[in-house]
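Number of protein chains: 2
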Amino acid sequence: MTEERGRGCGHQLRSLDSTGQGQESCWRSLRQWIHLKWLLVFSLLLVCGLLLQVFRNLQESQEYLPKSNFPPPFALKLLSQEELRKLFNYDGLWLFPQSQCECEKQSGNYIFRESYNKSELEAVKIRRKAEFEHFRRREGLPHPPPMLAQPNIPFGYPIHGVEVMPLHTILIPGLKFDGTEAPLYKVTLKALLGTLNTLADTPDSEVLGRGQKQLTILTPSQNRLNFILQHVTYTSTVYQSGAVDIVSIEFGSSVAKFPVNINQPTIPKLFDPGPERELRNLVTIATKTFLRPHKLQILLKSIRKYYPDVTVIVADDSEKPEKIDDIYVEHYIMPFGKGWFAGRNLAVSQVSTKYVLWVDDDFLFTKTTKIEALVDVLEKTELDVVGGSVSGNVFQFKLLMEQGEDGDCIHKRSGYFHALEGFPSCVVTSGVVNFFLAHTESLQRVGFDPRLQRVAHTEFFIDGLGSLHVGSCSNVVVNHQPRTQSSDSDQATLEKAYSRFRTNTQEQVKFKLSLHYFKNHLQCYTQK
Amino acid sequence: MTEERGRGCGHQLRSLDSTGQGQESCWRSLRQWIHLKWLLVFSLLLVCGLLLQVFRNLQESQEYLPKSNFPPPFALKLLSQEELRKLFNYDGLWLFPQSQCECEKQSGNYIFRESYNKSELEAVKIRRKAEFEHFRRREGLPHPPPMLAQPNIPFGYPIHGVEVMPLHTILIPGLKFDGTEAPLYKVTLKALLGTLNTLADTPDSEVLGRGQKQLTILTPSQNRLNFILQHVTYTSTVYQSGAVDIVSIEFGSSVAKFPVNINQPTIPKLFDPGPERELRNLVTIATKTFLRPHKLQILLKSIRKYYPDVTVIVADDSEKPEKIDDIYVEHYIMPFGKGWFAGRNLAVSQVSTKYVLWVDDDFLFTKTTKIEALVDVLEKTELDVVGGSVSGNVFQFKLLMEQGEDGDCIHKRSGYFHALEGFPSCVVTSGVVNFFLAHTESLQRVGFDPRLQRVAHTEFFIDGLGSLHVGSCSNVVVNHQPRTQSSDSDQATLEKAYSRFRTNTQEQVKFKLSLHYFKNHLQCYTQK
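Chains V and S, in that order, give the protein sequences.
Residue numbering for the first sequence follows the numbering used here, starting at 22 and increasing by one per position.
Residue numbering for the second sequence follows the numbering used here, starting at 22 and increasing by one per position.
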């Protein structure tokens, strides 16, 4: 166009008068037109560029509602208390965090502090609080609040599973940096219960604080930084198993923290079953007897019918213990009337086989009393205890706990949690009948409290809460000797004396309730 | 310039002949010049722009060596084995991860498998391996490899300390999203051993899978997304204390994983010290006696001089146990020669106070035997056991362990780890002399192995590795009765019999070494 115009101006020149002026103004306007054209092109490009930028910013920063069928935004709100109560229930208990737990006032339910006289209760509370605090300190409670990772931290690091034995050294896995380029990288690592180092061989100026609680890496190369981080070591310097160190890694304002567990693993206590895996090398039978030597004799005779050489440990706190004529029985004499759980604890303390089978002194072994079946369950699972059946009664019960300020609430519910995989006759529960096979080490670990002198059963499983994994199988059955009074007059006298001890007196009930209040730091108990 | 040229062309016109052609070529070149000028300007701007971009990319992506005094880059290399061996040493042991540990062949050091006959060793190894694997399964070992967080994940999440009781529900803290804008956010959470939900009240289409193992959040608003995440709940559905669930949170290709610990806390077992904190309500003295009733009597007499009513528990496996005339002594009769550690385990199993003081039956209490001082140490620290001094001998020793494939290596070193804060006469160590105060619950938890019938001491502390925190104080002293033979002929006879049992025979040594091999899964032992 410009050329045409130019030619036009030229033509015009030839066709017009020869005054240079007409021609000059034509060329001037042509020049202006060329400049204008270029300016327009330029401006157009600029405007397009700006528009593109604005559009991109728009896309990035503002919310863009797509053509979809989403409803208009709701107000931010939480579920109502009513809706919340419909969730998170188990066995009729609402197992959601609360500051206080409660037990329904009902027959069979107990509020433990009521077992104390009002005059002594305040002093008891103070002592209980002091003992509880000592226990908590020893357990490392309360645990510190959860460690939170922030979004978009330019670090890779281990969040779980880093463990070191006291005074040992480990490599810290997973440390890396993937952040913005910088002329110089200064990354600092800090520990509290140990010292840091790196296996990377570097000039002195590149890594500072080797073998100290603070390690500083100063390097211009992100490649080298990552090589150094990949080989960072942690050395535990405080002899304190069970402690958790918090290690931090920083770059500029970015900080990440992660836990290092200082832990001496529990040493194994294994038992050699011997080359033939004879039952007597695997299992010891344990029982306690009191004023019922005739019943004990019947039990022993029935055991020997099926298991002629399995060791039987008898804890005896009778007034006049009778001799037991059996080379595989170990007979322990206790102070008279020392007590039921003291005897149980004693008997278990003497076992030197992997498993111990608990029986009461008035049981009766039959051909369905297959100890081998119970051994099979414990050998193949991670259970600590597996109960059998006493004349068809498995007495399975669950124990559920709610935490509360003045102590926890414990709820006993009959039944079980779920089936035991691989064993159709067996289930997983919290407590069983008084006929069970257990890992000796587990029973010793929990213990039978010698303070429980008379009637007690559930107490052992409450003491085991958090320590014992319990199962129950209905296919291994032991019988109960008949409860009718003996015809023999001496035996009948003993049985009468036994009954007197065996009755749950008011005083005994009160004592056991006060024990739950103080010893187990419980508030109350419900049962269904 | 263009105008000048233009005018020049015009002037040229006026000054030249009147042929249009000369003029036309002048204007043509002028037009070309204007176009060229603009093209030049344009190209210059373009080139400048490109150069700027290149320069910025250069700055961002490439390494830029500042003017500094850093040396030229070193090759990436690790410290040599020699340099490495100079680090991470403790008590002459190199405590750094190795696949195998070693014990120097030296007098006093033991390689445990050598205690077995070569003919039986292979079978023993197989049995040991099977028992060890059962133990590991029960302990949840091996632990899974550490969980690693990747850099620049747009999520906030909890990395440590999230704990829930079995079958309970908790709020998961710290979940948030801070990533790139998107028209629609689809965030998925997954659990394995529990179900997920949120307390946020949302339309059904916004949160899918409530109460399931997979929760999906579908929302266009990052604000709402974060509100929902802030209120996510986790419900444990498998009754398995000690398990660790791995919960994941995903958005597009970004995934973060974190652990949730399913744990039933161990229930407390507290002891009421009573309103007056009388020592007899805090401490029980325990001892074992065998064929030395006269020495036992001397011990009891010396105890009563200072502690008239503290309960003393006596485990007695003598052939003819002699009656003990003391209303505060509880006397337990065991099968003859049942054994040293069986007796210790028995005595401890009968204690119903918070603390138990272990004494040997040939000790002698003096005015420096202040039980109260030991109680003070345990009351104010987190120690489980605190040893005293027997006639000036504290017998403190450290136990250090190295892990290995065919079993661990254990190293006994005399001395202690460090001072006990707050108690100038006391230190922290692994083992002490046979005069100590302990938490009854801790002693029962570790146990004295009834398989150790004759001479044994260190074995208890090895069994306690990983479970017991041990201290030792030199300021609480008990004396040892003189070892000279009794003048009384009956007593001398008993003492001779005792000595026969007390000697460490070859067979007994062999048995104890084989026990360390099998039971503790140890390879070898060194001592210095």
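Treat the hints loosely; a few may be bogus.
Where chains are identical, the list cannot tell them apart; a pair therefore holds if satisfied intra-copy or between any two copies.
Mimicking BS3-like on lysine-lysine, the simulated pairs with C-alpha atoms at most 30 Å apart in a straight line are [to be verified]:
hint	residue 1	residue 2
1	LYS98	LYS278
2	LYS211	LYS98
3	LYS531	LYS207
4	LYS58	LYS126
5	LYS211	LYS107
6	LYS359	LYS146
Derived from the structure by calculation, the hints contain no laboratory data.
Structure-based check of each hint:
1. For a Cα distance limit of 30 Å, the shortest separation of LYS98 from LYS278 across copies, 27 Å, qualifies, whereas the shortest one inside one copy, 32 Å, does not.
2. Within a single copy, LYS211 and LYS98 get their C-alpha atoms only as close as 41 Å, which misses the 30 Å cut-off; across copies the closest is 24 Å, which meets it.
3. In the homo-oligomer, the alpha carbons of LYS531 and LYS207 never lie at most 30 Å apart, since the shortest distance is 66 Å inside one protomer and 58 Å across protomers.
4. Taking CA atoms no more than 30 Å apart as the test, LYS58 paired with LYS126 passes in neither setting, with 93 Å inside one copy and 98 Å between copies.
5. With identical chains, the CA atoms of LYS211 and LYS107 are at most 30 Å apart between copies only, with a shortest distance of 22 Å across copies and 46 Å within one.
6. Taking identical chains as interchangeable, the C-alpha atoms of LYS359 and LYS146 lie at most 30 Å apart only when both belong to the same chain, with a minimum of 28 Å there against 43 Å between chains.
Of the hints listed earlier, those the structure fails to meet are numbers 3, 4, in rising order.
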